[in-house]
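J.: Below, each chain spelled out in residue letters.
Number of protein chains: 6
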Amino acid sequence: MQISNPERAQILIEALPYIQQYHGRTVVIKYGGNAMINEELKQTVMSDIVLLEQVGIHVVLVHGGGPEISDMLKRLGKESRFVGGMRYTDEETVEVVQMVLAGKINKALVQLLSQNNVRALGLCGLDGGMIKAKKLEAEEDLGFVGDITEIDPQIIQDAIDRGYTPVISTVAGGENGEVYNINADIAAAEIAAKLGAVKLILMTDIVGLLRDRNDPSTVIPEISVSEVPLLKSQGIIQGGMIPKVDCCVEAIRRGVERANIIDGRINHSILIEMFTDEGIGTMFH
Amino acid sequence: MQISNPERAQILIEALPYIQQYHGRTVVIKYGGNAMINEELKQTVMSDIVLLEQVGIHVVLVHGGGPEISDMLKRLGKESRFVGGMRYTDEETVEVVQMVLAGKINKALVQLLSQNNVRALGLCGLDGGMIKAKKLEAEEDLGFVGDITEIDPQIIQDAIDRGYTPVISTVAGGENGEVYNINADIAAAEIAAKLGAVKLILMTDIVGLLRDRNDPSTVIPEISVSEVPLLKSQGIIQGGMIPKVDCCVEAIRRGVERANIIDGRINHSILIEMFTDEGIGTMFH
Amino acid sequence: MQISNPERAQILIEALPYIQQYHGRTVVIKYGGNAMINEELKQTVMSDIVLLEQVGIHVVLVHGGGPEISDMLKRLGKESRFVGGMRYTDEETVEVVQMVLAGKINKALVQLLSQNNVRALGLCGLDGGMIKAKKLEAEEDLGFVGDITEIDPQIIQDAIDRGYTPVISTVAGGENGEVYNINADIAAAEIAAKLGAVKLILMTDIVGLLRDRNDPSTVIPEISVSEVPLLKSQGIIQGGMIPKVDCCVEAIRRGVERANIIDGRINHSILIEMFTDEGIGTMFH
Amino acid sequence: MQISNPERAQILIEALPYIQQYHGRTVVIKYGGNAMINEELKQTVMSDIVLLEQVGIHVVLVHGGGPEISDMLKRLGKESRFVGGMRYTDEETVEVVQMVLAGKINKALVQLLSQNNVRALGLCGLDGGMIKAKKLEAEEDLGFVGDITEIDPQIIQDAIDRGYTPVISTVAGGENGEVYNINADIAAAEIAAKLGAVKLILMTDIVGLLRDRNDPSTVIPEISVSEVPLLKSQGIIQGGMIPKVDCCVEAIRRGVERANIIDGRINHSILIEMFTDEGIGTMFH
Amino acid sequence: MQISNPERAQILIEALPYIQQYHGRTVVIKYGGNAMINEELKQTVMSDIVLLEQVGIHVVLVHGGGPEISDMLKRLGKESRFVGGMRYTDEETVEVVQMVLAGKINKALVQLLSQNNVRALGLCGLDGGMIKAKKLEAEEDLGFVGDITEIDPQIIQDAIDRGYTPVISTVAGGENGEVYNINADIAAAEIAAKLGAVKLILMTDIVGLLRDRNDPSTVIPEISVSEVPLLKSQGIIQGGMIPKVDCCVEAIRRGVERANIIDGRINHSILIEMFTDEGIGTMFH
Amino acid sequence: MQISNPERAQILIEALPYIQQYHGRTVVIKYGGNAMINEELKQTVMSDIVLLEQVGIHVVLVHGGGPEISDMLKRLGKESRFVGGMRYTDEETVEVVQMVLAGKINKALVQLLSQNNVRALGLCGLDGGMIKAKKLEAEEDLGFVGDITEIDPQIIQDAIDRGYTPVISTVAGGENGEVYNINADIAAAEIAAKLGAVKLILMTDIVGLLRDRNDPSTVIPEISVSEVPLLKSQGIIQGGMIPKVDCCVEAIRRGVERANIIDGRINHSILIEMFTDEGIGTMFH
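Residue numbers (our numbering), protein chains in the order written: chain A, 1 to 285; chain B, 1 to 285; chain C, 1 to 285; chain D, 1 to 285; chain E, 1 to 285; chain F, 1 to 285.
Honestly, the hints are just simulated from the structure, not real lab data.
Some hints could be false.
[As the list claims (entries may be wrong)] Distance windows between CB atoms, simulated: (1) G24(C) <-> L230(E): 49 to 55 Å; (2) E137(B) <-> G163(D): 47 to 53 Å; (3) V225(F) <-> D161(A): 37 to 43 Å; (4) S226(D) <-> I37(E): 53 to 59 Å; (5) R265(C) <-> K134(E): 50 to 56 Å; (6) E178(B) <-> D205(D): 36 to 42 Å; (7) D161(C) <-> L230(E): 55 to 61 Å; (8) E278(F) <-> G163(D): 47 to 53 Å; (9) R211(D) <-> E79(E): 55 to 61 Å; (10) H285(A) <-> G163(F): 34 to 40 Å; (11) D205(E) <-> E178(D): 26 to 32 Å; (12) G163(F) <-> E175(C): 47 to 53 Å; (13) I37(E) <-> G24(C): 47 to 53 Å.
Using N, Cα and C, we set each Cβ at its ideal position, and we do this for glycine too.
Just chain A, same shape as in the assembly (with noise of 0.2 Å):
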């Protein structure tokens, strides 16, 4: 890429409205897939969220584990078992979620955002009681999996208002001690609507909502809440795509302004969601 430096100041010009509209405020990322497995990817996010940081955008980064947690079951010799999609999570399994999420995944990702001039902080829901959680009723039992009954935003604006970037591992507690294993993306959205973020955006490993799943190009850009419904009867959206899509509808009817189901796999995916005209992915609004 030849690119001069008039185009250069163009371009950074051109990203003033994007800056602008964000500024003071806070976006919530679920980071999870393959940009958090792929060494390239992942450094492209933490450069786009030091840019953010540094034009004045907080970025809250909550963050998912599973290939990492799965790894290390497996080294402990423990076999996963799953039940309808979602593992079943004995005491032991709990326990080393609890270890990989935010004693191993969240603390690598503190020192990454560190060693780019960041300062992060690496949180988990226990922390300052940030995430409480009961056991999540199913039809199967699926062990300490939760279900949020409380989220106290506290920690991550004092952590904000400090000028740290809260790196968020969601696990609860329940009432008498237990550890809970909490969906990210669910996390993510009931975060964003409680510090009452302008954005939340889901890094996922697909292209975005497409009206074809086999043609990419049909993805559809933009999209309101009250329009979900039809989708789904249509079957437009289904599958994997519906606890998402059911979190940003959520984020968007509790007041978040903006949010996005974007495509990880891509380079500075965040920053081209925020800063250009056409973004990446699926936004609802």
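Chains B, C, D, E and F: place on chain A using the hints.
T.: Quick look at chains B, C, D, E and F alone, frame taken from chain A:
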């Protein structure tokens, strides 16, 4: 220019280290020459300032106003008399200078910035007793051309602290209520020093400091103030360049980190200087 | 005047209840007429303002500028055309208006106050986007005579909070970057209302509202805004008094406690109005 | 006195430089003598204080209480014994002193100021541990007459900062819980020094320092502390004046700008001293 | 008492829930009776207050002063006349009341607390215009016995905010500068209500509210204000208890969470009430 | 234990001087050994911390984690290799160390405190760039065992200022993004020094420093750091005690007022040390 969204993101990322470097700091820009006359240039200057403010850099804009002053004097049937290259400034002239600078140019800039959503505040050296001056002692009498005796940066700092972008006309008050016309380059350098600015930018109509004055490709990109005496003795710094270079040297000596003579005839010259590796014009350190 | 020190002390004490009444409150003064032309009057106005500021009363000075504008237009060979008593204001004229008001008169007042140790800040309606206007709709086209559409008092309040005395020229910005000339009485009344001022003072060249317009001894010292319609129907309020009275009525209706039409031709008319039992001119409540 | 409104305004204006000089500063007034007994004088002292507070000058009122203490002792059948001009203060006496000063005189002054809309706060040297003392060492035993060992001005400053006018009784606490009676002139001087007051005023029942003690017209209006030793050696400063002069000298030496011995028998003596050219009594600098 | 260190630690731990409950809240204590006379009791009250302050509970101490007032009146040869159990208070008497309460008892308590490293501030109802009163209307004239018309808690709150422990004498100012003696129980209840206190404690010389007035073991530990009318009709609440109970009821009705009548004759009765399960005396809620 | 309420109050009062001494100060506690394993001890440590926080003492809890790390390594089939008493820490090991310390133990402590109504915040040396380290230089290679190069206490202080109790895992970041395991005693001492802590407490599994290592009754209760060299030369400080003593000496040298080696096997050892005359273990000053 057909630049893809990922390329746009990449360019934003490449500007990041510069944004970080200047974040929360103050940059004093002396605005003058073609960049104040040509409408397209004027607009790019405005958008550069908006961008700087948006990413957390405080701009103080010090402006001149040569042609409009001459034009108004002509319309009033007042002939301009020059003494050693400087305008002889009688009482009627200094009144016109004040009126055109503080009433016309200054407020027009304020309005332009305001239309770009920047909260600008037009000041002159009389407001808050900011600039005090006495008669400049020269070989020949220059009338009400002033020599700065004291700068009180409080009103500028108050404006910055309250979120305004100060736009400054360089007329100053004398001891007995008289008004002086002040050289805007000198005033900008003194203000930069008093504010503890990180950078002083003098916008000019030249490419920069040239080793061979006939060859624009011989521009000196970077120079230490300790090399200035030699370059003067070699005749590389000469003529109209001398006072501008002296301003830069003085600013550096008094603690400003970088002082730049940039080519205001280039679109977005401010952004290019501040946000690219090569910069533009000549930088003194 | 031979007044003993104990008498002096007694007079200070008698001013005390008035000082207490206005302490920490804001008074908007429309400054115009002879008090702006006569040098002695001008000096007493300045010292009155200094005293008010010193005893803890915040002054906002809104000024007009008729004669100097006409004078400058004449010097520029521009003939003034009047339509129904108002100056037709073409583009060149509004430019001169802005220049003379914001560049000459305003900054001269700032300097005068500064010489009296008051930290003054000269503002016009363009600074901080303070006054927005549109073309005044009238029977005959008046050019760039403006009708206020919005006042944002933030920059005035910021100045007061930081200890500056705001001096305001009443030019305003239009939607497309054009500039309008605004009636200073109306602007003063609107600013008083927006600031929650305790008092609006209009300095004029008349004694006050007279029951018999040929007999200055028939001045009406105090009047409720509810009596205004009757006085209008009786012809007691008529001619040039009507717009000034309307400003006072409007200010009172929008929460200003007192509005006064005072005789600016009397030395220290502001202090007499504010700090004596009888006051001066006509007070609306 | 028939003084016209313009004359009144003029007198206010003439007080302005003095108001400016003391604005935001603290003045410590030792209140005593006739000015505490005569009802008219008392009322003018109160109104003087109200005016000072209103124009932004902080007053700290330190009071004595001689006659009321003697009166109460007499009513209790307690004979006063004097040693070298000072009252011998046994335990019962110091208890009465504390009770009369802090419970009667102090709170009565607080109430008087309160009726004049000043928020007064009555303190004694015990409150907040303000004044610590030990037994005064003298040739003859004086009982519980104290010598100040330490002044903590925090509670006075806190009161000023919160907008209260402190009224102070000069009893102090000893190391073992005993209470001492403190000379009010000395306490006022020490408090002025500790608070960084701009002025100390001692209200007395004399005209001032006289060159010829029999001729009130020979009052010395102003004197440098460096001249005091000579005046003492000449016998011009002698007798009961010596301790008062010493208080003034001590205050000046420790940074108070001006110390005054004024004639409290004159109405509004405080205002006359502070707001007129001639002042009243004798000023030390 | 031979208590081991681990036992000591255990006792501290058992006080923890109570400390947590009151932390950062205000408790108003009416101090009177034997606890003010007996030296050992007095010392334990002081140390109880020190402990409360130290663990972050704000104490406001409102004191009475019966015996010392009577004693002083007797020493002054003034006979006390009682009307329906209340002292007839002529002008001379109210002066003595003020003097003894605000000058003697109050400041002695301030000094005692000060010796325990608590920064105390002695106030009476005149300071800062805290308590306003009018003549109490009763069947027979009681002289200057006052009925509270208004309480301004600002000066108390300011003292708390600045870290002082307010000690309050309950004399109040009347409309025309007269002073009234106020019942300290009533004043304490009103102050507690105005401050939003969490608890009102009335220290008395009785065990508490007894079911059988002759049997101290029948103390009622806890009672709802709704049960009071029944207990009155049964004669269980009667005589001198009625006004104290009414104070508690009034405080609860106006938002104080708990009001207690405790036995001030027991060492550390305040701590026992606040930091043990059983408490002491009778608690109203 | 049957202790009466008055006795309870008395014990609280006796703890008062200690509470006053530490109020508003910071105490750093290194938590480790049996007190982390035994459930009853763990609970008393938690309640001790709650009490300290409640009475206004700031606690910073630095924890180790030996047995759980070994246990996890064993479960992962990773053999621990020891070099000169220290664990050789390869990359896989340090990853496990980080995960167990920051993800498991740290967050479990946070949750325990949270259940006791303390707002805890789990941090590791990576958060906010708190601890930077380089490879420890030792005779034999120890892998990723780190030597602290810099401590930035800002994130700890921010947490304290916002009312959180910081719980700290001692892993640190290296220059190139690698992670180091840090000795928790050393980290606690350095953190105490950097925070200006009043006290450092090292919880151990020994009685304290013994004159005769076989006789627990010979514990040295208090010792000056200047006596340490002699005790080392006498062999009284030897073996595993040396590094702990060195931590205490270092902390004292850098301004911590007291450093204690206490016996964590005793219930409420922290409270006993802090709130009783005898204390527990050995105190360095």
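J.: A range of 47 to 53 Å was offered for this pair. Does it hold for the Cβ distance of G163(F) and E175(C)?
T.: Because 49 Å falls inside the window, the suggested range holds.
J.: If I claimed the Cβ atoms of S226(D) and I37(E) lie 53 to 59 Å apart, would that claim hold in this structure?
T.: Holds, since S226(D) and I37(E) (Cβ atoms, about 57 Å apart) stay within the stated range.
J.: Should the hint that G24(C) and L230(E) are 49 to 55 Å apart at their CB atoms be regarded as holding?
T.: holds, 54 Å
J.: Hint says 47 to 53 Å; check whether the CB-CB distance for E278(F) and G163(D) agrees.
T.: Check passed, 49 Å falls within 47 to 53 Å.
J.: Go ahead and decide if the range 34 to 40 Å is satisfied by the Cβ distance of H285(A) to G163(F).
T.: Roughly 37 Å apart at Cβ, these two residues keep to the hinted range, so it holds.
J.: Holds or violated: 26 to 32 Å for the Cβ distance of D205(E) and E178(D)?
T.: Check passed, 30 Å falls within 26 to 32 Å.
J.: Does the Cβ-Cβ separation between R211(D) and E79(E) fall within 55 to 61 Å?
T.: holds, 57 Å
J.: Can you let me know if the beta-carbon spacing of E178(B) and D205(D) is within 36 to 42 Å?
T.: violated, 53 Å
J.: Is the hinted range of 47 to 53 Å satisfied by the C-beta distance from E137(B) to G163(D)?
T.: The hint (47 to 53 Å, Cβ to Cβ) holds, given that E137(B) and G163(D) are roughly 51 Å apart.
J.: Could you say whether the range 37 to 43 Å given as a hint is met by the Cβ separation of V225(F) and D161(A)?
T.: holds, 40 Å
J.: Range hint 50 to 56 Å: satisfied by the CB atoms of R265(C) and K134(E)?
T.: holds, 52 Å
J.: Cβ-Cβ distance between D161(C) and L230(E): within 55 to 61 Å?
T.: holds, 59 Å
Hint compliance for this structure: hint 6 is the single one not met.
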